[in-house]
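A.B. asks: Using the sequences and the accompanying hints, generate a full structural model.
Number of protein chains: 2
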Amino acid sequence: MSKEIEKQKHSLAHLMAAAVLKIRPEAKIGIGPATEDGFYYDFGNISLNQDDFKNLEKEIHSLINKDIPFKKRVVSKEEARDIFSDQPYKLELIDDFKDEDLTVYETADFIDLCEGPHVSSTGEINLAFKIDRTAGAYFKGSEENDMLQRVYGLAFETKEDLKKYIENREKAKKRDHRKIGQKQELFMFDEEVGQGLPMYLPKGAMLRHLLMNFALNTYLDHDYELVSTPHIANEALWEKSGHLQHYADDMYGPLSVDDRKYRLKPMNCPFHVKMYNSRSRSYRELPIRWAEMGTVYRYEKSGELHGLTRPRAFTQDDAHIICTGDQLKNEVLGALKITEYIYQTLGLTDLIFKLSVRDPEKKEDYFGGDEEWEKAEKALENALKSFGRNDYIREEGEAAFYAPKIDIDAVDAMGRRWQLSTIQIDFNLPSRFKMNFINEKGEEETPFMIHRALLGSLERFLGVYIEHTGGSFPVWIAPVQAWIIPISDRHEDYANKIKNELKKEGLRVVVEGVNETLSKAIRNGETQKIPYLIVVGDKEEKSEEINVRFRGENKGSMKVKEFLLDLEK
Amino acid sequence: MSKEIEKQKHSLAHLMAAAVLKIRPEAKIGIGPATEDGFYYDFGNISLNQDDFKNLEKEIHSLINKDIPFKKRVVSKEEARDIFSDQPYKLELIDDFKDEDLTVYETADFIDLCEGPHVSSTGEINLAFKIDRTAGAYFKGSEENDMLQRVYGLAFETKEDLKKYIENREKAKKRDHRKIGQKQELFMFDEEVGQGLPMYLPKGAMLRHLLMNFALNTYLDHDYELVSTPHIANEALWEKSGHLQHYADDMYGPLSVDDRKYRLKPMNCPFHVKMYNSRSRSYRELPIRWAEMGTVYRYEKSGELHGLTRPRAFTQDDAHIICTGDQLKNEVLGALKITEYIYQTLGLTDLIFKLSVRDPEKKEDYFGGDEEWEKAEKALENALKSFGRNDYIREEGEAAFYAPKIDIDAVDAMGRRWQLSTIQIDFNLPSRFKMNFINEKGEEETPFMIHRALLGSLERFLGVYIEHTGGSFPVWIAPVQAWIIPISDRHEDYANKIKNELKKEGLRVVVEGVNETLSKAIRNGETQKIPYLIVVGDKEEKSEEINVRFRGENKGSMKVKEFLLDLEK
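Chains as they are written, first to last, in numbering that gives the first Met the number 0: chain A, 0 to 568; chain G, 0 to 568.
Each statement offered as a hint is correct.
A few chain A positions that, by computed beta-carbon distances, are all more than 12 Å from chain G:
hint	residue
1	67
2	173
3	178
4	386
5	394
6	406
7	440
8	445
9	475
10	536
11	565
Below, a sample of chain A positions facing chain G; criterion: calculated Cβ distance under 10 Å:
hint	residue
12	202
13	222
14	253
15	277
Source of the hints: derived by calculation from the structure; they are not laboratory data.
Built from N, CA and C at the ideal position, the CB exists for glycine as well.
C.D. replies: Shown next, in the form of structure tokens:
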């Protein structure tokens, strides 16, 4: 979001507060910032509903048309308390400020405690906006404070963008992966098994298996090696890795075996480090690239769980690259290329690259020395440049405490951004576990370590992917690629014969709709988004052909051979 | 073991005791039964060593040559106490007997408390035998009793069999999968991670992956469907399944999440039942065959852990078949056929089938009614017969409490039997979870459920398989199929070019030995049991060929194309 757009959105928030105070003078105002898709403002002591939205919009338009200046004024805390004497939330915010001097912004008779910046006059606001919805929000985000009513506005550069956004949101609602997951019988949750623990029904398990194999085989093609480690480890390991000290809130509680405490793994890294350290290593072995489809368990509050996109158990397409400093850039570049290949193959072509580096003002908050940080940040930056993505976003202060990283967002069919991939350097584990290799000079040297998960988590990716595709998966990854529907009982043998022929060719195909009418079977198949519906009856049996429908389109009758040649894989 | 052979072995045990008493009259005798590979006898108050074995053998041969009759005599407890007045262990055994009348067997001046049967005279013994080794064994197997010295003898029908057995045992010792696992870097254990928790290094992980995919794809080809479930579940589930009541000793301790207790899964079944029960099912959907490569965690005492063959974490090639009574036999037959196919493909061609049925005397000890037991036992029996294995072993009283089963032993290259596969029927879970389907009459009916794991556990199978093959895996499943060895530095580019060509053809191949002499690289490759060693130097580069060695045999130079055609897959 550009500074200019942010100014406009923030100014719209002020105008909305002004409008609310006009129709509800008793309102107590909280705060009102810009957001990704617009703005909001929190109010106490009132309760607005949909019917008020039109009036508010009208009032805001009128304020814009009047082209009223936004006047900034510096005031002392004392003055501020006077100005907001009947606004308790503002008074509390004033008390929270450290500085003696505060700033307020005035528009006509509305005045707000605010750092700005704003447009200089309301007439400058040319965003298309809409009051959207309300929700409850605690003052200052704390459950101990009052619950206020948060009023959300949407704001976009053009009316078309605003319309598109609302349409996409409607579409996304219909495509909720939890609904599609149920309709297509992909996965389920069960209270007696446990919250956030997905169970994959046959079609979902096959979809996940195909996705996993696609990713894994891609890594193997690129000279990664597969490794495999258990789901639990002794607390001794998690202490050495630092997880128990710094990550315990996200971990499941301990379980005891032979009076020793174990933990479910929240990450795979310490196991890979253990394997690396199992014998001495030479520079000639580097880079080592170890991939694992590792199922990890992380605690999430039950209120934050959300289908596959936020479960408690998920499988990472995880890999650790252990390399020398000189190899760092090329290894990151390799990972970027694989990421692009994977996402393009899956039909997610719009990727956003973010480079997270240290906050240069707070270098002391990070683990590791200046030299390695500079080397690592430079390597990531150069990799992005070599990759041809000079449009990456540089985010200062967003690095992990243990090293800089590249995060990659994918934009889905509804224009939503999902952070999925991550490529992180780590100075912490090599140091904690005293990892080393013998360099060309015969000396011990500490290697660099890269964590990378390109799909991120299979679960989260699948959740996003189900919504992105609306459950209509590309043929190559569709868990069931074709149904063969016999018109009546007597065509079942022929249907099975065709099934076996297609199975032999590696297709995932079942005979369906035996006890239903043809039209119902086709309708079902289309609801289930089965790519190919193959109908066989007297005519087909006689001519040894099949009648093929592809996503609603009738392709007519053909020989199995023709079908296979024509197959969209 | 035939009754005749068993009699001879048991008689040899007596003769050994007689021989021991001759050279060590102070010995206190315990018990001495026949075993699979011979016999043993337990002694107190003495300590024999290797040097005594020859003398004992000589004495036993002399007793055989004298052709002394085995005289059976029925005695009262009172008489028995007199006979064994200086044998404290025998006196305790006499006290343990319920009956008033006991039997003793006499051979010349040796007399033993024994139910028999025995050969009628020592001259009948024609087995080839050898005193083998000693070990400690508690009297009556209880740690509270005296530790006795158990002396083992080997006994086989021919000298050749005995020799072969000893050779095989030596071979097996060299082929210990833990040694090969270390030498080939297949897997490792680490105290800080936890006992019995295998970590797979790249080659082991690939081997396991190939094995898993081979099994899984075989199941999918046979119309199984894949499912996938988490590694933990709430105790509520394990209570309903009965695991907490009956299986808790084999389970890991609880871990807490949100004040609810969870357990690592020791089995996958309850999850599959949950998925089955997630909606109503029709007879038309049956049989359902759900396969999962499920990693389970079971507690084993640390003293019982043994590499991959006895770990605490292992992955089952598990499947549950849910079907009607009428489908039962065919489903079992199908599983038998798949088992044979899988083992034959893997080169384990010698399988022994065991049918475990109820103890007909103790029907009340088993879960479920007579009708279903008879139906199930009949189905298993008929399946074995249709399968053409009338030589199956029927074991009465060996059924699980919840239903009858077929266990399958594989015989390895050293003649050792390993119980690996199991096909079990289960009446318990369908009843506990109230599973049902709507039958043709529109009524609710309880389905039958079959558990089957054909490799059993990937870990245990791999442990056996590594020893069976001595780490020299068939090319199709070898984790690394070929090394490409450049003769000197300047051939590295050519080696990489060949590598990429072969990789493109789907081969698992690496460039190795770059910094070693050629002879050392070849020796390494052979020690690592890499099937193909491909050497490239000036000559090969010039003629665009490769020099191929296959398991020690030089196949000469050839084009890559020729190599691919000739490839032993």
